[in-house]
Structures are given as structure tokens and as C-alpha cells.
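Q: Sequence:
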Amino acid sequence: MAETVYDHKQVELKWFERWKNDPDLYKADPESTRPKYYVLEMLPYPSGSLHIGHVRNYAIGDALARYKWMQGFNVLHPMGWDAFGLPAENAAIQRGRHPREWTLSNIAEMKRQHLRMGFSYDWDREVTTCEPEYYRWNQWFFLKMLERGLAYRKKALLNWCPLCATVLANEQVIDGCCWRHETTPVEQRALTQWFWKITAYADELLRDITDRLEGHWPDRVLSMQRNWIGRSEGSEVDFKIEGSAETIRVFTTRVDTIYGATCVILAPEHPVAQKLMDEAGRARARQMIDARAAKGPGDIEKDGHFTGHYAINPYSGGRVPVWIGNFVLMDYGTGAIMAVPAHDERDFDFCTTYGIPIRPVIRPVDGPLAEKPQAAFPDDGIVENSGEFSGLPSAEARRRMNGLAEEKGFGKAAITYRIKDWGISRQRYWGTPIPVIHCPACGMVPVPESDLPVILPTDVKLTGTGASPLLEVESFMNVKCPHCGEPARRESDTMDTFVDSSWYFYRYCDPKNSTAPFDSKKIAYWFPIDQYIGGVEHAILHLIYSRFFTKVMRDLGLITNAEPAARLFTQGMVIKDGAKMSKNKGNVVSAEEMIDRFGADTGRLFELFAAPPEKDMDWTDAGAEGAYRFLGRVFRFVTRNADRTGSRPGNPQARTGPPRPAELSGTNEDSAEAGSVVRADSINAGRKALRKLHQTIRRVTEDFNHRWHFNTSIAGLMELVNELYAQEDKLSGEALAQILPPLVLLLGPFAPYVAEELWEQLGRTGPVFRQPWPIYDEELAKEDAAEIVLQVNGKVRGRILVPLGSPKEGLERTALTDPSTQPFLAGKQVVKVIVVPDKLVNIVVR
RNA sequence: GCGGAGAUGGCGGAAUUGGCAGACGCACUAGCUUGAGGUGCUAGCGGGAGCAAUCUCGUGGGGGUUCAAGUCCCCCUCUCCGCACCA
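The letter at position 618 of the first sequence is residue 618 when you use our numbering, and the numbering goes up by one with no holes.
The hints are simulated quantities; they were obtained by calculation from the structure and are not laboratory data.
For every residue, glycine included, the Cβ atom is placed at its ideal position computed from N, Cα and C.
Careful: at least some of the hints might be erroneous.
Stated by the list, open to error - Label pairs and their in silico Cβ distance ranges:
| id | residue 1 | residue 2 | range |
| --- | --- | --- | --- |
| 1 | K412 | G387 | 15 to 25 angstroms |
| 2 | T712 | T814 | 31 to 41 angstroms |
| 3 | D555 | A293 | 36 to 46 angstroms |
| 4 | N722 | R418 | 51 to 61 angstroms |
| 5 | R687 | T712 | 17 to 27 angstroms |
| 6 | N722 | T814 | 48 to 58 angstroms |
| 7 | I775 | D643 | 43 to 53 angstroms |
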């Protein structure tokens, strides 16, 4: 028999060509009354090439979107481009092209690759963040932030990447290096910059992790965000400087240990320290700051310097020396600490180095106060040697001490957050201009809403040397003040690209709106995103910024949802040759290569099959070949048996209900070519295969609904196909007609091209993803008989077949007399018999 | 140090509520197909003993609960990820 060959190139290109000409194929229906489902993958940066790491991300979302369509949902599945950023500018400098031109050509190329992969995006909603309409709304949001006091400008010490030649937000510094240049340490530079007040939402961002996201977002993302926000409850206490008007405010979480404070330590940059110290002291401080900047984060030797002054502990009245210390951070808490060496490891190290006394003030609830300096630092216990507070448990002491401080005005209970405001200015060209004008007379003036968008000049010289190239463009920089009309200068900073990605998914709902960022009614329908899918690398970048943005938009009255995404899924990385794919290691497999060698369907199928989607997966060519073989097996089986299904127009589809076994055994001349023995065989084979089909439908459906273990769904499909191969000769045309169409539908979400081709071969009209998802029939999925495992003392000794639902008593009797158990019962006394209906019988003997 | 996730054959991984450990795939071995190679098809494949039926050990290590534990409880080891002189 001449075998039909599965030629992926032929199949995929055929459908690619047809779908290309159908712009409405994947359109969401804005008028629909069906339940909505908004599934979204994180938008890519248009680097120009899609690699198989991205493909895995999109394959997961695409399978889900297709499944939801088949389930009858009104599905929104958009894709766009995060098109601003430094790589575009750097690439433009290298190639002498304008960043816009470079970006747009990359987008065209990447879009082509997405289309060729067969992803089901509604391209009508495509959003590109470098379009003037998009930065109009970025600027509009900026003005709203300014009105609400959420945007401000200040001079601060900031992270500076020498390669990017711009500042970075704290979230964009990883291990002391730039997130884009993993081996380039960031420097600290004092610059005047724009900030957005994410700290104003710190408490809500933290609270909603517990109240709204827990259980729906991955634990590790939530734990990273909790960590990043870093809420810390404690106290602030003022220490007066002896013989001076200055006070030092310290932050501590353990005010109950304050009677054990033996010195106060300030960050070297602390203004009070700078003021108190002489020239030599300031030089030491400078030394510490430089050393820290040079060394980066991590281990640094403790270094300290006595300022020559003393401070007064407001609780005890005691006099303690004031030091500066290189381990005290200016930008956390108040930049000053009280050192309690008896109860804190760092303070202990510092104080032993410099001979500062150690005074224990906390004893364990069930033990005495430590007499000698020691290295074990007790947690909460009983406060001792602490005046009126002695004898109180730590928590109670903290409460009363805070009360006293508030009453006397030298302190209070206080909460400190680790998260800092989001620095959004960048000194580069390729970003949204910040819509502000600096007027010598009126000061800082926002650009009026009617003048938006402020667009980037095109005649710009890109150098990548540091200062914004916009400063050189006089036609851009010189404007009239909107207030007084006198000559003024534009703000030359542009916005962080994370601003763009903070709200793009709202714009998808209304991408062509030119009077507002979006229509709130449309947002109310689609939001929150039902399922957001992306990499874990954005846990404290994009995913915290977009949560912040959502809360701001809610407070502006634009939306009503408090969180952007109801569910988040973080897929694992694709590993090749034991390492994460990266250009440096030269082990990147591009989507293009994959399509060429195996086909888009094979690549997607393998990426979903090799591991559960949340885990990292290894890409191996051999494994991909296995997936290719499977698709070939399905393809050959369906194509060579399609004719036998007797498909004709108006044939009932799977949805109309599966047949009862009785129908299958009914007369069918087509399948009754041979004698009655074969017929009995055939009926049996048909039942078995049909049962396997319904078990598979159940399995795949449940995998989609509960946990996305597509690897087991696909394994189920493989088992079904193996069963069909084993029974092929015996299956009647009627049986095949019942089995093949649902099989193809089940394959649809994972391998859309093959499924579409086979659907057509079966005489149906597609598209597959608009067909109703097959329904499984519990009765048909049921086994004829239950195999009962017979155990003696928990060890398997035999198995028997009994009708489903056999009563316990009968099973027990059978088990006790079955030949397989006899040798193990002989001479023993039966103590107990456990019967689990339809599963097992365990005989306990002694 | 704090927080999170893990540990199952040669490999990736199954085992949904405690009930046959190793589904499915890869690799490997054999047979058939083929002029040959490849493809395709069929079968075998955790360790140990045995010609075999079969027996026995086995889910990082140690204890426990249970008729029954990869799964539940306690202790330990190791791996990965995130944060880290955060007061």
C-alpha cells in the first residue's frame, strides 16, 4: 500500500496561505453575550527574531485560547510590541539607521514569524508602543500623575549603567548590574530625575497580594513581591545630640531592646553626620561611600568612625557615642540605627571590632539573662534591665514604649518599606518624551493636554554618550511657555519603557480610541485579564509596575478592577545543552529553524509535551523528532482511514452525542465484509477504541480545566493513537466515523495546522477552533469490568476481573478462595480483610 | 541568614482524593519492511536471582502513622530560584 507521507511544510504552508487572507479569523466579538475570556501572553520586545523560549510561552496561551473558543467563550487574545528602548537605540547607532525604522522592520519580521507559527492573535487589536497615539496616552497619564502628586522631580543618588548611558530604576538592577548588561556593575550618580510615587501604594500592593492574588498567582512571584515591598513594622525614636541642636531619628523593629543600645550609627552620607564631623571625619565618610560604590553589593568589611559626639537615649537618659558605619544604608528607614550588640549580630560584630560595650536586656522566657557577650541572639523574650519596662514580654514592652514615645513626643510606632519610588526618567532618545516645560519665570509647567502628544524629533544625532541627544535638538527644546508665552525649554528626559508595558493590555480592548486611552465600558467587559502568561523574570518589574498602574487608574476613575490579572501563570524556561538559551552561549534555536526542520506544529507539540509548562524544559532535537513521529502517525492513520468513515455532508458531529454501544453493533454493510467471527471482533475493537476515546476526552478536558499539564494530555492522545493502530484492521467504518473527528478536535489546541488539514480530510469544514469541544460520555468511558488487585499483607499476589460495582462481600469471598492468594494464606490466620470496591482487596494475615 | 520551589529508571517525565510505582516520549536492543541507508511497523527495556513461571529489593536519607505511603506527620541531607549588613 502506498503510504501517505506527512509533509509538514506542505500542510502548514497550505493553511498559512489560507488563514493569512482571513483577517477576521481570530477576532473577538465585541457584541457577544457569551462569557468572555481574556488570555494574554506578555508582549515581546521586537528584537527581530522569535526563539523557541518565546514559542513555548505563546504555545501555552494559544492552546488555552483555542480550547476556550471551542468551549464557547468569547475569547480575546491580542498581541502587540513593546517597541521603545535602549536596544533599539544602540542598534540604530551601530547600523546608522533611525530607531523607528529599525523597530518597525523588526516588528514586521516578528509578526511574520508569529503568523507562521499559527498563533491565534486578533491582529486587529495590535498595539505598538512607539506610535504617537500610544505616547499621547503615556503623556496623558503622566499629567494625571502630576495632578495627583504622584509624579515629582528630585535630585537623588541613582543607579547608572555606563553601557546604557542612562539611569535605571531599582527594579532594573540585578546583583548590582544592569538588567541588560549582566556583567556591568551600575554606578551611583546624583541626578535630578522624575519619579512616580509607587510607595503611596506600597501598603495596598502588599495587602492585595494576600487579599486578591494568593492562590491565583504563583507563590514565588508573590513571595518576591512581598520581599521587594518589604514592609517592616517598628518604631522611630529621636536621640538628641549632646551639646547641639541636632537630633537623630533612628528606625528599629526592636524598640524593646533600646536599653541595650550602646551606640548610635549613622550612614556615612547622613546629613547630621556630615554636619557634626570635622574635615577628617567627612573624608572618612567619603572613603566609605566610595569603597561601597566600587565594591558593589555583597560582603564588605565593617568599617566605622567615631564622630566625636554623644547622643542621649530618650528612654534611659543614657549617653551613647555617635558613629558612622558603612553598613548603615541611607535610603532605608531613617538612615540611622541604634546598635544593640547583645541582640543583633551585625551590631555585635561592629561593637566588638570597636570596643563598644555590650549590654544584654532580653532574656529567654524560660531562662536567665546572658551574663557575658555571646553569639546567640535571642528573639522575643522578657525585657530586663530596662527601667519601668523590666519584666514585660517583648511585644508588650514595644507597645508601651511606643505609647510613651508618642506621649512625650520623641518617637512613634512606624512602618518602613523597602520599595522606593519608581524612577521613570531616562536620558535617551527612544522613549516617550516627558510632557513638561521648564520656564525661567513660571518654573515647571506641564504641557497642556491639548498639545499632546509631544513627539520625538527625527533629525537627531544619536551618540549614546550620556546626556540626552534631545538636548542638541534646538527645534525640539525651544518652546514658548504655555503660561506666560516667554521662551522656555522642554524637559529632555524620556520615559522608562516599563511605563508603556504597564497598561498596554488595557489599550488592547480599545486600540484605536483617539479621544481617551480606552473606553471604560470596554474595560469593564474584558477586565480583569482571565489568564496572564509570561516569564518569572518580570515578577518585580513589569508585574509590580502594572499592578501599581492599575490602582492609579482605578483611583482616577477610569476602571473598576483593582488588579490587572485574575490569574498569572509563569512558564518555565527552555534549556538547551544544559543551559538557558542565550546568544552568548550560542545555543539559541530560532522559531525559523524549528519551523524549517520540524514544523510549527511539531515544535509546539514537543514544547508542551516535554515537561509540565511551569517547569523548565530541555529542548532536544531527538525529542522533537518523537513529536514529529507522533504527528506523522496521526496524519497517516486519519488520511488512510478517512474514506472508510463514509463522511458525507450533514454527518452528525461529535457534539450531537456519542452513540451507545448498541448502535455500534447495528447493521452496517460497509463494515460487515467478513464473516461473523470478524464482526464480533470488530464490535469489540470498536467498543475498546471508543472507550479509550472518551477516557482521553475526559483526561484532556480535565487537564485544561484544572491544571495545565499538557504533557499528560498529549500522552493521552498518544495512547489513543497507539490503541487505534493496534485495532486498525478490526475497526469498522462506523467506529472510525465516531472516533476520528473528536480525535482531530482534541489535537486542535496543540497542533492547529495538522488538525485543520485532517478535519478537511474528514470532509468537514473548519476552522477547527470554532468547532464545539468534544464532550465525553461517562458511560462510554467506563471499563466493562474492574480489575481487582488481590493483596496479602499489602503485597500484590494476584488480580481478577469482576463486573463493575461488585459488592464487597462477594469480592472478599473471591479473594479468600482465589488460587493466587492460597499459598500466602496457608497456615496463617486471617485477621482482617480490606475491600476497596472496583480497586483492591487486601487480606491481612498473621 | 530570610523567603519560595524541588529530589521518582540511562534521560524528560506519569501516578488528580493514601490503593498495581515507572503512563507517554527519548535513548537502547531485537525482528519485519527495504537493493542499501533512512523512514515505517512489531516486540523488549528499574536493580538483583532464575531457562522459566516466579521471588525479591526499589521513589534523596532516617524515623513514624496506616491493612496499605512517591503521596500524610517528625527529623536530616542535597539541588535550584529570589532577596540579602533592610536595623
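Q: Each hint should be assessed against the structure and marked as holding or not.
A: Here's how the hints hold up against the structure:
About 20 angstroms separates the C-beta atoms of K412 and G387, a value consistent with the hinted range of 15 to 25 angstroms. For the pair T712 and T814, the supplied restraint of 31 to 41 angstroms holds, since their beta-carbon distance comes to about 33 angstroms. Between D555 and A293, the C-beta spacing of about 38 angstroms keeps the proposed range 36 to 46 angstroms intact. Range check, N722 to R418: about 55 angstroms between beta-carbon atoms, so the 51 to 61 angstroms window is met.
At about 24 angstroms, the beta-carbon gap between R687 and T712 stays in the expected band of 17 to 27 angstroms. One distance hint, 48 to 58 angstroms for the beta-carbon pair N722 and T814, is violated here, with the actual separation near 32 angstroms. The hinted window of 43 to 53 angstroms between I775 and D643 is violated, with their beta carbons roughly 26 angstroms apart.
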